[in-house]
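There are 2 protein chains.
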Amino acid sequence: MVERIATAVGTPNIALIKYWGKRDDRLILPMNSSVSMTLDEQLNTRTSVLFSEKLQADTVYINGTVQDINGTEVGERMVVLDILRGMAGDKRKALVVSNNQFPTGSGLASSASGLATLTYAAAGALGLELQPRELSMVARRGSGSACRSMMGGIVEWRKGDKPDGSDSYAEQIIKPGEWPELVDVMAILTESRKKVSSRAGMKQTVQTGILYRSRLDYVEGAVERAIDAMRKRDFQALGELIMRDSMNMHATMLDTWPPIMYLDDSSKEIIYKVQELNQSEGRIVGAYTFDAGSNANIIALEKDVGKITDMLEGLGSVKNILKLKMGNGPRRLGDGESLIDGTGLKPVA
Amino acid sequence: MVERIATAVGTPNIALIKYWGKRDDRLILPMNSSVSMTLDEQLNTRTSVLFSEKLQADTVYINGTVQDINGTEVGERMVVLDILRGMAGDKRKALVVSNNQFPTGSGLASSASGLATLTYAAAGALGLELQPRELSMVARRGSGSACRSMMGGIVEWRKGDKPDGSDSYAEQIIKPGEWPELVDVMAILTESRKKVSSRAGMKQTVQTGILYRSRLDYVEGAVERAIDAMRKRDFQALGELIMRDSMNMHATMLDTWPPIMYLDDSSKEIIYKVQELNQSEGRIVGAYTFDAGSNANIIALEKDVGKITDMLEGLGSVKNILKLKMGNGPRRLGDGESLIDGTGLKPVA
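Residue numbers (this note's numbering), protein chains in the order written: chain A, 1 to 349; chain B, 1 to 349.
Bound conformation, chain A alone (with noise of 0.2 Å):
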């Protein structure tokens, strides 16, 4: 059979609505629909893929480490690779190696980014053609969220109701040039590692909540209004959406046994701050939103940016800004930027 190299690059998504609780661990299946804003290469993953006879083990490296995936979290995820070659029929094992560029586990969506590309990559290397929807139904059993970083711009995960999850997949909603102006200024605080997975953390929420039903009661509306604000281009209707909805996300985490507390003093200051420049305006300038960690992403449109970073800029926890605008999903490199080495058996010195 034909060895093939195949590269791709891919990027996080930030959730607009989220997506925290599952109904099926080991389909991933969601208790609830969510959205997110898929985002542009400047935080990005870089995966090569090959499946080789000469392999006798798959052999995952990630950021120049190899893993250990035997009975791991990582080893889970390669679930996709399984996947993938139960379609492609092909029992070859597979080399991967794959870099992020930006810190892994700490909120910023390093495994949205990392099973979207990997899923992205090695359905390359098989010689997969994939529609999108059915790449991110097998980027989802990766890692939930990566089912939303398979395509870009504004991104709808709908839960399904099917036990077997074959309703449970993304659909773009909004290309990114059909909203150019919304943007994500994402001010990262902390590089230190979370102390409670998201993984861990939802099967926790799920199973000890005491208010979380009621999250789920309000969520499946909040992702219609949220669709229905953009496809509007009511940037207000949309902001205080996201706003609400991550302090509810994380009100669920208050409220699980032990209870998971992401946002900090410094998330806090970011909260106070932009509530502060949306009450001195009038109007919502900046939209916060918090993941399983305490970085923060400022959504707003590209015109109010400078308003954002001028106020982070003055605050001593922000360690550095990005401006963030749409991506367009993950996308095929050249053999020029492969990251396996010549031999098939270990990545480029």
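Hints listed in this document are in silico derivations from the structure and should not be mistaken for laboratory results.
C-beta atoms are modelled at their ideal positions from N, C-alpha and C, and glycine is treated no differently.
Accuracy of the hints is not assured; some may be wrong.
Derived coverage of chain A by chain B (criterion: at least 3 residues anywhere in the stretch with Cβ under 8 Å from a Cβ of chain B; other residues may be distant) [claimed, not checked]:
hint, segment
1, 209-219
2, 244-250
3, 256-270
Given the coordinates of chain A, assemble chain B onto it according to the supplied hints.
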């Protein structure tokens, strides 16, 4: 009519299952029942009250400063004077002199202590002989949680159902001497004033909370289970209920619009340290609970106080540690301890 200066001392209480939200703002009827522990006199309010023909208007000194009572929150709380005057058929104006032996407005329940003590002293000054239940209903009108400081030991405030509030009062569940081992280790983290008063925060939660309804579904059962655990002297069951209820309340605050955030990095550190201590001992050694402020109260049994204070002393953010036992509720002080000058028109120098 006889002019009588009555002086009393009263104390704060720490809620074990919290009161958060009113169903009637004027009568101060709570959305849910609550349970608290009245604390001993290490923290206290001393108040002298005199009703006199010589006064043209109610005059209120708190911590040596005369208060503006026209259209202010302090003024609203003085409704207890009107209620007691109504009961006594007395129209004289009052001089109130009240001193808190702890920081006002820093989440240390100064309003509970203050209004319970004021009600107790004012009833005395008017010569009213009221039962604790009646006194608790009057104090409730000044500050909801003050009704629980009207008696000692473990106290339940039953929310009641009647629109006139006649069944919304406090009752003693356990006398101080019946479970003397139960103590509150209070870690004072800050004396800064709260960003949002409890009164405003509750109103906002009731009006805008998405998750709040779900707290109400939960909390009546939690009150019952906490009382049951206390009657059985089952600290393990009680401790978990205390911690979960505190986090649950703070979660509903985070989810209001705009978000209310009383917990900070210092409180988070204490939460993590208590969790670690409990984990390492394989039992609940201490149960943290936070009111609408960032001070920590750690409920524990006397035998474990050393372990908790050792842990707290290692934290840079802890300014002061108090070990508080259950108190007995308000009591009258002798004339020698009056805070009102012999002229009856001003505080003692």
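Hint-by-hint comparison with the structure:
1. Look at the segment 209-219 of chain A against chain B: 6 of its residues bring a Cβ nearer than 8 Å to a Cβ of that chain, three or more, so the hint holds.
2. For the segment 244-250 of chain A, the stated coverage by chain B holds: 4 residues have a C-beta nearer than 8 Å to a C-beta of that chain, and at least 3 were required.
3. With 8 residues having a Cβ less than 8 Å from any Cβ of chain B, the segment 256-270 of chain A passes the three-residue criterion, so the hint holds.
Comparing the model with each earlier hint shows no violations; every hint is respected.
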